[in-house]
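Novice: The residues making up each chain are set out below.
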Amino acid sequence: MPQTGAAGDKIFRLILLSAATILLLIIVGILLMMVQNALPSIERFGLGFLTGREWKAAQNEFGALPFIYGTIVSSIIAVVLAVPLSLGIAIFLVEQASPKIARPISFLIELLAAIPSVVYGLWAIFVLAPFVRNHLGVFLQNYFGWLPIFQGRLTGIGMFTAGLVMALMILPIVTAVVRDVLETVPQAQREAALALGATQWETTRVVLGNAASGIAGAIVLGLGRAIGETMAVTMVIGNSPRISASLFEPANTIASLLAANFAEATDEIYLSALIEMGLVLFLVTFIVNALAKLLIIGVTNRANNTRRA
Amino acid sequence: MANLNLTVNRRRKITNGIMTTLTAACAVFAVIVLLSIIFYIAARGTAALNFQFLVDTPKPVGEGGGIGNAILGSAIMTILASAIGLPIGIAAGVYLAELGNGWYGKIIRFVADTLIGVPSIIIGIFVYATFVMPMGRQSGLAGAVALALIMIPIVARTTEEMIRLVPVSMREAALALGAPQWRVSWDIVLPAASAGIATGAILAIARITGETAPLLFTALNSRFYNFYLDQPMASLTVQIFNYATGPFEVEHQMAWAATLILVGLILLINILVRFLTKKRF
Amino acid sequence: MPIKFLTIKVSPAAFFFCFVLLFASCSGEPFGRNRAAATDSAGTINLQGSGASFPKPIYEKWASEFGKIEPKIRVDYQASGSGAGQKAVLAKTSDFGASDDPMSDEDLRSAGAEILHIPTVLGAVVLTYNLPEIKKPLKLSAETIAEIYLGSIRKWNDERLARDNPELNLPNADILPIYRADSSGTSAVFTDFLAKTVPVWREKVGTNKQPSWITGIGMGARGNDGVMGQVKQTPNSIGYVELTYAEANNVPMAHIKNKSGDFIEPSLETVTAAAENSAAQMPEDLRFQIADTGGANAYPLASYTYILVYKNQPDAVKGKALADFLWWATHDGERFIRNLHYAPLPRDVVRKVEAKINSMTTADRLVLRPQKTEEK
Chain X
-11 MPQTGAAGDK
-1 IFRLILLSAA
9 TILLLIIVGI
19 LLMMVQNALP
29 SIERFGLGFL
39 TGREWKAAQN
49 EFGALPFIYG
59 TIVSSIIAVV
69 LAVPLSLGIA
79 IFLVEQASPK
89 IARPISFLIE
99 LLAAIPSVVY
109 GLWAIFVLAP
119 FVRNHLGVFL
129 QNYFGWLPIF
139 QGRLTGIGMF
149 TAGLVMALMI
159 LPIVTAVVRD
169 VLETVPQAQR
179 EAALALGATQ
189 WETTRVVLGN
199 AASGIAGAIV
209 LGLGRAIGET
219 MAVTMVIGNS
229 PRISASLFEP
239 ANTIASLLAA
249 NFAEATDEIY
259 LSALIEMGLV
269 LFLVTFIVNA
279 LAKLLIIGVT
289 NRANNTRRA
Chain F
3 MANLNLTVNR
13 RRKITNGIMT
23 TLTAACAVFA
33 VIVLLSIIFY
43 IAARGTAALN
53 FQFLVDTPKP
63 VGEGGGIGNA
73 ILGSAIMTIL
83 ASAIGLPIGI
93 AAGVYLAELG
103 NGWYGKIIRF
113 VADTLIGVPS
123 IIIGIFVYAT
133 FVMPMGRQSG
143 LAGAVALALI
153 MIPIVARTTE
163 EMIRLVPVSM
173 REAALALGAP
183 QWRVSWDIVL
193 PAASAGIATG
203 AILAIARITG
213 ETAPLLFTAL
223 NSRFYNFYLD
233 QPMASLTVQI
243 FNYATGPFEV
253 EHQMAWAATL
263 ILVGLILLIN
273 ILVRFLTKKR
283 F
Chain H
-10 MPIKFLTIKV
0 SPAAFFFCFV
10 LLFASCSGEP
20 FGRNRAAATD
30 SAGTINLQGS
40 GASFPKPIYE
50 KWASEFGKIE
60 PKIRVDYQAS
70 GSGAGQKAVL
80 AKTSDFGASD
90 DPMSDEDLRS
100 AGAEILHIPT
110 VLGAVVLTYN
120 LPEIKKPLKL
130 SAETIAEIYL
140 GSIRKWNDER
150 LARDNPELNL
160 PNADILPIYR
170 ADSSGTSAVF
180 TDFLAKTVPV
190 WREKVGTNKQ
200 PSWITGIGMG
210 ARGNDGVMGQ
220 VKQTPNSIGY
230 VELTYAEANN
240 VPMAHIKNKS
250 GDFIEPSLET
260 VTAAAENSAA
270 QMPEDLRFQI
280 ADTGGANAYP
290 LASYTYILVY
300 KNQPDAVKGK
310 ALADFLWWAT
320 HDGERFIRNL
330 HYAPLPRDVV
340 RKVEAKINSM
350 TTADRLVLRP
360 QKTEEK
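Protein chains in written order, with the numbering used here: chain X, -11 to 297; chain F, 3 to 283; chain H, -10 to 365.
Simulated from the structure, these hints should not be mistaken for laboratory data.
As the structure is a computational prediction, the values presented were derived from the model and not from experiment.
Please note that the accuracy of each hint is not assured.
Claimed, not checked - Pairs of lysine-lysine, BS3-like flavour, derived with a Cα cap of 25 Å:
(1) H:Lys81 to H:Lys61
(2) H:Lys300 to H:Lys361
(3) H:Lys221 to H:Lys125
(4) F:Lys61 to H:Lys57
(5) H:Lys125 to H:Lys248
(6) X:Lys(-2) to F:Lys108
(7) H:Lys193 to X:Lys44
(8) X:Lys281 to F:Lys108
(9) H:Lys144 to H:Lys221
(10) F:Lys61 to H:Lys61
(11) X:Lys44 to H:Lys185
Please model the entire structure based on the sequences and the hints provided.
Specialist: Below you can see the structure in the form of structure tokens.
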């Protein structure tokens, strides 16, 4: 390093370092705040909190299980619906379409991510829920009604509609990551497969095989997004903490519980239980996102130097 | 033998045809869904939209009213959040790109990615505990801080990516000429990456304009035009949420009109950025 | 093509300055101490209120009309739920709270200062149902309502329902009871009525804003409109909502049996009658649930709704504005309430409210000097 400007360098580094440290402070602050406020609930209910099935704020009885169940099941619905679609789109964009078609389409799909959550919620209340009640749900009950998940009363408000709208919301991020992952697969592999006489789809399968862990990462990332989704879900899930086999029944998720009840909680132990729910949500999204990152990094590192233009 | 080969080949071709059609159909389906949402918003939104609606404050049910104060509130909180979030986010991004190869940089990068994944409702609760409780009331400032917290990690990561795209040769050339590192960063690297950083910043601004969950407990809402940061402040998103979940049909209409404004603005920003940069993100 | 207008030259020093400034402001120090001032530079007094969603239409109307008389006072009411209203008062994040059910003794003790309950209007909880074939109003008693929500009456043609409705041909269909899933003053009034009259309800569910519903019976919906919408969309369902919302949606409302044994149609008149009949029993602190009153023409599922304020106001200017607003709302404001399907306070109760408003203090002095008296 040159001697001149050493002082400037020091100040410059200090500014950058403190800015970076703010990020660390934020996350430590969030963790500290949540653990501190959740402590009364943790001490009082212990592990039973996570396995309890009854949430009765009036009797100070707090069981998180229906919310955990609702969060997991609605997110799985979202992932199951979004992933095949995302894979198809990403394959189409990277492997099939010419850049002239791929660019506008991938831009339009990114626009889906730009639409705010509350807008999806509004749309889901007035368009998607009636559609599920009058058409999609009726269809599923007619043809797949023997499955317990499609039985029960069809109101349009419930787990299924929430999963459906979340699927739409995670579609862009899953598509974008799968697309990036596919693009890191060396072009030479495609050329080799094609040279061996493989069809385009067979070539794609080779590419998919090579990108498998990255695609898994994209799926997990989508799961992470779905788990934390709040506004759209709280508007259509029905806010009823129950564990029911039917997907058409109302349910509730952790994030939706927090949005609806955090402002209402007067009791200290109630507030503490809610913040413990927040802590659970935080830890779950943390683990899921870390897992996604590990999976994606594996692929992109391997092919870092062979990135397509 | 030859016959068998032929059928296998035929099957391969058919599979190929089906699968390529299916993938294309996926893309077409997604685009149709997007367009149908946008057109639905446009159709429902324009019905209740007029100039008075854009400047009025909310009124008792049945007396009209508008979203003027909500537009102002969203603008104030977004600008303030950007004023807090952009410098910190960009500086943190520069740190990650220029000095972030050690263990500390790895931690910060990991923290930034984690923060991006934290549900925004949790950010709202955090700011409620650290800002609203000590201040004694919900306020526009608390809302802006919550939005800034959402913005910082996003801006940091896009900034880092953009700076890393700047060719190493540029940096080395300047350093070889004896320039101090901060001069190199400030005068060479940042300007070279500035278009990318600005694009990332604008997209982050568009993103926080659409946030609702972090504002519910922090900025609350207000029925009035409010220029004071220590008072509860209206926002378009919270107003849409209240109107959408209200019991009256007139309120639902206003929710659609407000949505048209919000979505129109956000999509416009995205499209503008796209055309101005002609870059993919 | 780089975007030209975005590449503004900023000197490093300016950037550094901005950064330091922000860093300082982010620590919260300049804002933390500075409690919201009573008035801003334009001399406007902001009164922040939050709480119950049931009186939202009338409070917004009052805020708007009061603003026309007193343009310097801005009353900003946010409907965030009765529980949130009580919390806002306890945490002092609002200048006044609003709640459909009175605060508990425990919460009042934890406040550390005296909180006044100011009743403002009366409303009613009505049972609405979706039975397209049935044209005449359904008749229900506390017992039959409780048994429906406890799951012991499961069919519409149950003989216990038939006994009260001999003239109706009730269908052989499953009843779907719909309840409020969120914390709600409406639920508090509804469960209070049932707990007062049906012992088994008191044991199994009790009285609460967020009652412990019997698992597997019925389904939850969010908000008055959520219940309303669910009932409208689901044949053979029944739900409870505020009178205002039922009137606005033009749905059938059950007649409910009161203490005197009469089936009473919910309306402004019958709610007013319930209030008049019970006004004499109003306790000193005005915390009063009037569910299950008797008397001719008295609807049993009626309730007061309250504004909650600290007796000793921390700020003289705000305290005066708040007292003025409360006085105006319970006097001149009365003429706006009938259009919105609320019932006015009985005269006797208005007298008691006057005494409460007059008793508000700030820094050991009365807020209202001279004390107000009724002009009429």
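Novice: Against this structure, judge whether each hint is valid.
Specialist: Going through the hints against the structure:
no., hint, result
1, H:Lys81 to H:Lys61, "holds, 23 Å"
2, H:Lys300 to H:Lys361, "holds, 16 Å"
3, H:Lys221 to H:Lys125, "holds, 17 Å"
4, F:Lys61 to H:Lys57, "holds, 13 Å"
5, H:Lys125 to H:Lys248, "holds, 23 Å"
6, X:Lys(-2) to F:Lys108, "holds, 21 Å"
7, H:Lys193 to X:Lys44, "holds, 12 Å"
8, X:Lys281 to F:Lys108, "holds, 13 Å"
9, H:Lys144 to H:Lys221, "holds, 19 Å"
10, F:Lys61 to H:Lys61, "holds, 18 Å"
11, X:Lys44 to H:Lys185, "holds, 21 Å"
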